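J.: Next come the chains, spelled out residue by residue.
Number of protein chains: 2
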Amino acid sequence: MSEVERKRPSTIHEVARLAGVSHTTVSRYLQDKDSLKPKTRIKVEYAVKALDYRPNLAARSMRTRRTNRLAIVLATGPNFPGRALSAAAETAHQAGYQIEVVSVEGGPRVRAARIDELARSGQVDGILAMSSIDLKSSRSLEVPLVRSEIHDEKLRVLGELAGATEVREIIEYLAGLGHRTFLHVAGDQEFSSARNRKSVYLETIERLGLRSVGVVDGDWSAQSGYDAITALPADCGVTAVVAANDVVAMGVIRGARSRGWEVPRDLSVFGWDDEAMGQFATPSLSTVSVDREAQARDAIHRLLAEIQGKPAPERSARTLNHVIYRESTAPPPPADGRSEAQ
Amino acid sequence: MSEVERKRPSTIHEVARLAGVSHTTVSRYLQDKDSLKPKTRIKVEYAVKALDYRPNLAARSMRTRRTNRLAIVLATGPNFPGRALSAAAETAHQAGYQIEVVSVEGGPRVRAARIDELARSGQVDGILAMSSIDLKSSRSLEVPLVRSEIHDEKLRVLGELAGATEVREIIEYLAGLGHRTFLHVAGDQEFSSARNRKSVYLETIERLGLRSVGVVDGDWSAQSGYDAITALPADCGVTAVVAANDVVAMGVIRGARSRGWEVPRDLSVFGWDDEAMGQFATPSLSTVSVDREAQARDAIHRLLAEIQGKPAPERSARTLNHVIYRESTAPPPPADGRSEAQ
DNA sequence: CTGAAAGCGCTTACAG
DNA sequence: CTGAAAGCGCTTACAG
Chain A
33 MSEVERKRPS TIHEVARLAG VSHTTVSRYL QDKDSLKPKT RIKVEYAVKA
83 LDYRPNLAAR SMRTRRTNRL AIVLATGPNF PGRALSAAAE TAHQAGYQIE
133 VVSVEGGPRV RAARIDELAR SGQVDGILAM SSIDLKSSRS LEVPLVRSEI
183 HDEKLRVLGE LAGATEVREI IEYLAGLGHR TFLHVAGDQE FSSARNRKSV
233 YLETIERLGL RSVGVVDGDW SAQSGYDAIT ALPADCGVTA VVAANDVVAM
283 GVIRGARSRG WEVPRDLSVF GWDDEAMGQF ATPSLSTVSV DREAQARDAI
333 HRLLAEIQGK PAPERSARTL NHVIYRESTA PPPPADGRSE AQ
Chain B
33 MSEVERKRPS TIHEVARLAG VSHTTVSRYL QDKDSLKPKT RIKVEYAVKA
83 LDYRPNLAAR SMRTRRTNRL AIVLATGPNF PGRALSAAAE TAHQAGYQIE
133 VVSVEGGPRV RAARIDELAR SGQVDGILAM SSIDLKSSRS LEVPLVRSEI
183 HDEKLRVLGE LAGATEVREI IEYLAGLGHR TFLHVAGDQE FSSARNRKSV
233 YLETIERLGL RSVGVVDGDW SAQSGYDAIT ALPADCGVTA VVAANDVVAM
283 GVIRGARSRG WEVPRDLSVF GWDDEAMGQF ATPSLSTVSV DREAQARDAI
333 HRLLAEIQGK PAPERSARTL NHVIYRESTA PPPPADGRSE AQ
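The listed protein sequences correspond, in order, to chains A and B.
Residues in the first sequence are numbered consecutively from 33, following the working numbering.
Residues in the second sequence are numbered consecutively from 33, following the working numbering.
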């Protein structure tokens, strides 16, 4: 409301004048205090303190063509990876970089366009894409770009999708318990993680000669899990559900209970993400713990390495994800064979 | 690894040369295409396209002393408000602003110092503090600052804390059901929200002449809820728990069950946040739905208004929070009076 | 060790 | 409607 009186930041010239030196000297002081004669240094030091001077970073970055700022580009939406972002910011700060979060409404193409723009804006030294982007050649950008999802791409080349190991482990484990008929409630297929899990699910079911009553394409919501399970015919024979994440799994469990199927007595359910609440739910959720923070840290380190022209750092951990077995999974009910007999 | 060839962004001078005009004209074109004679405009248009020119924003902001960038300063940690941040970013983008996320390790003083630095860095037009900060005079900063927590401060002056209404409503509701003996598992007391809820809890218990067996200062974790409830003496007589948030509430419920207390039969439990999983848990969680997105949007709008010297906008909604009653709360067990009789 | 000068890429009065 | 000039606040050779 009322106009607040704002301080005007002091400039390097004012400091120079007060110290009785040239602004060149002040600049030098800022870069390396020891490059000044002690007497001069003290004068400048005093003036800087007295004026509470802080250099204008916009001007500096214009001159040096470095901004010490990284952009993280991601999709807007409910899946906003808060903790990963926090970890990324922390890692960047430790290296003297700021993080600019660019959360873009729209699809992979829009994000790619935004990245292109950012790259030449002179406002960032590097870019991390945390959501999938539709970019032809990442190498013609003005600044380095690291794609978190590149894991996927790279691994795909090796015939292995991100998350593939875990989905396989889950299904093999359930099959080992005796389950034969499965359902997958997938996440939003806009997300490569959701697509990956789905295709590995189908692959593994096929390979092990199991039966899938289908894949329901959900939207990561609990409701989608609830709906998927309550829509199932009574005699479908499903005894195990692989849910896209823990929230979906909760929906599945609740939906199952609403039709008289107890978990894990009648139905086994797997989630994904190892969310805090899942461990204390009843039944506690079998799930996959994903160290998104570590992944984010890795990504920033890779980006910094590229910016500084150093070789790419080692991955911090070989296996970032691991499967956690809790109460929501158990052997199938003995009556299982009944409805499954075709 | 291999040195990637990077494009050098083209400058306004190159565009000018190609178009056969002065760079002044190009700049003018950038500001307002219609200020040029059609013939000129077309020449410039062509050159901009041909060179795929995008202005260097660092240079522009140096000249105009505006950056179109807002900083959001918050604490690092598990409570990273992802969705609020996403909403804030979206709102800012719509107004043509970028968001810089500055997540600071340390306490309120450290954050305040960081804000002071940011304010004079020339890199942001305004700052939003999402975590509590220890700042003497916010009015002497070089750029506008909006404090999300100012709700607290302002309301406190009016004798009302943020969240006070809801805590009161919860306790009055539970008392109305017949509950007389309560427990509060508080959140990390570093957070003003946690402190507020705690003090209103104590106040209301006192005012209504109820009994509190104590307040356990937790850390927002499910484990803290679990521990709090399992540590209770068997004859404490507690029949209702107000937990700091949904995660804590899940811990409480699980802990209660571990000692044979069923929720809500033996114990009523309230959470806070209305997290997705709570609605589908069994029992589903009574909780407080908090529209953090709306709060974040409001905060950005207030900040933008200050930056543009406009009057502060209206709050988007009078009541952002509301209490949700679900299965985790019910009347106390009839045997209640027993252990309570002193 | 220090200063005068040039320049980073823009925008904005000021003339014409 | 367009251009020449000044300048935003810095850093960095280049002299001395």
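What the hints contain is simulated information worked out from the structure, not anything from laboratory work.
All figures in this text were calculated on a predicted structure; none of them were measured in a lab.
Each residue gets a CB set at the ideal place from its N, CA and C atoms; glycine is no exception.
Mixed in with the good hints there might be a few duds.
Mimicking DSSO-like on lysine-lysine, the simulated pairs with C-alpha atoms at most 30 Å apart in a straight line are [as the list claims (entries may be wrong)]: (1) B:K81 with B:K71; (2) A:K71 with A:K81; (3) A:K168 with B:K39; (4) A:K81 with A:K39; (5) A:K81 with B:K168; (6) A:K81 with A:K65; (7) A:K168 with B:K75; (8) A:K342 with A:K168; (9) A:K75 with A:K39; (10) B:K39 with B:K81; (11) A:K75 with B:K81; (12) B:K71 with A:K39; (13) A:K39 with B:K168; (14) B:K75 with B:K65; (15) A:K69 with A:K81; (16) A:K39 with A:K65; (17) B:K342 with B:K168; (18) A:K342 with B:K39; (19) B:K39 with B:K65; (20) B:K39 with B:K75; (21) B:K65 with B:K81; (22) B:K65 with B:K342; (23) A:K75 with A:K65; (24) A:K168 with B:K168.
Here are a few chain A residues that sit away from chain B, every Cβ distance over 12 Å (derived from the structure) [said to hold, decoys possible]: (25) K39; (26) G154; (27) S231.
J.: If a hint holds in the structure, say so; if it doesn't, say that too.
T.: Verification of the hints:
The straight-line distance between the Cα atoms of K81 of chain B and K71 of chain B is roughly 16 Å, inside the 30 Å bound, and the hint therefore holds. Between K71 of chain A and K81 of chain A the alpha-carbon distance is near 16 Å, which keeps this suggested pair within the 30 Å criterion. Between K168 of chain A and K39 of chain B the CA atoms are separated by roughly 15 Å; this keeps the pair inside 30 Å, and the hint holds. Proposed proximity of K81 of chain A and K39 of chain A is supported: the alpha carbons are some 16 Å apart, at most 30 Å.
In summary, the hint linking K81 of chain A to K168 of chain B is supported, as the alpha carbons are separated by about 19 Å, within the 30 Å threshold. With a C-alpha separation of about 14 Å, the suggested pairing of K81 of chain A with K65 of chain A holds against the 30 Å cut-off. The straight-line distance between the Cα atoms of K168 of chain A and K75 of chain B is roughly 29 Å, inside the 30 Å bound, and the hint therefore holds. Taking the CA atoms of K342 of chain A and K168 of chain A, the gap is near 25 Å; set against the 30 Å cutoff, the hint holds.
Distance restraint check for K75 of chain A and K39 of chain A: the Cα-Cα separation of roughly 24 Å lies within the 30 Å cut-off, and the hinted pair is therefore satisfied. Among the hinted pairs, K39 of chain B with K81 of chain B is consistent with the structure: their alpha-carbon atoms are about 16 Å apart, no more than 30 Å. Annotation: proposed proximity of K75 of chain A to K81 of chain B is violated, straight-line Cα distance about 51 Å (limit 30 Å). For the hint linking K71 of chain B to K39 of chain A, the alpha-carbon distance of about 45 Å lies beyond 30 Å, and the restraint is violated.
As the CA atoms of K39 of chain A and K168 of chain B are separated by approximately 15 Å, the hinted pair is consistent with the 30 Å bound. A C-alpha spacing of about 12 Å is found between K75 of chain B and K65 of chain B, which places the hinted pair at or below 30 Å, so the restraint holds. With a C-alpha separation of about 18 Å, the suggested pair K69 of chain A and K81 of chain A falls inside the 30 Å cut-off, and the hint holds. Only pairs whose Cα atoms come within 30 Å are accepted, and K39 of chain A paired with K65 of chain A is accepted, the gap being roughly 27 Å.
The hinted pair formed by K342 of chain B and K168 of chain B meets the criterion: a straight-line CA distance of about 25 Å does not exceed 30 Å. For the given pair, K342 of chain A sits about 19 Å from K39 of chain B by alpha-carbon distance, which is consistent with the 30 Å threshold. With a C-alpha separation of about 27 Å, the suggested pair K39 of chain B and K65 of chain B falls inside the 30 Å cut-off, and the hint holds. Distance hint between K39 of chain B and K75 of chain B is fulfilled; the C-alpha atoms sit about 24 Å from each other, no more than 30 Å.
Between K65 of chain B and K81 of chain B the alpha-carbon distance is near 14 Å, which keeps this suggested pair within the 30 Å criterion. Restraint check for K65 of chain B and K342 of chain B: the C-alpha separation of about 28 Å stays at or below 30 Å, so the hint holds. Distance check on the hinted pair: K75 of chain A and K65 of chain A sit about 12 Å apart at the alpha-carbon level, within 30 Å; holds. Taken as a hint, the K168 of chain A and K168 of chain B pair is broken in the structure, with Cα atoms around 51 Å apart against an allowance of 30 Å.
Its beta-carbon lying about 5 Å from the closest one in chain B, K39 of chain A breaks the requirement of being farther than 12 Å from that chain. Non-interface status of G154 of chain A relative to chain B is broken: a Cβ of that chain comes within 12 Å, the nearest being about 4 Å off. Annotated as non-interface, S231 of chain A keeps its C-beta farther than 12 Å from every C-beta of chain B; the closest such distance is 26 Å.
Violation of the numbered hints given earlier is confined to hints 11, 12, 24, 25, 26; the remaining hints are satisfied by the structure.
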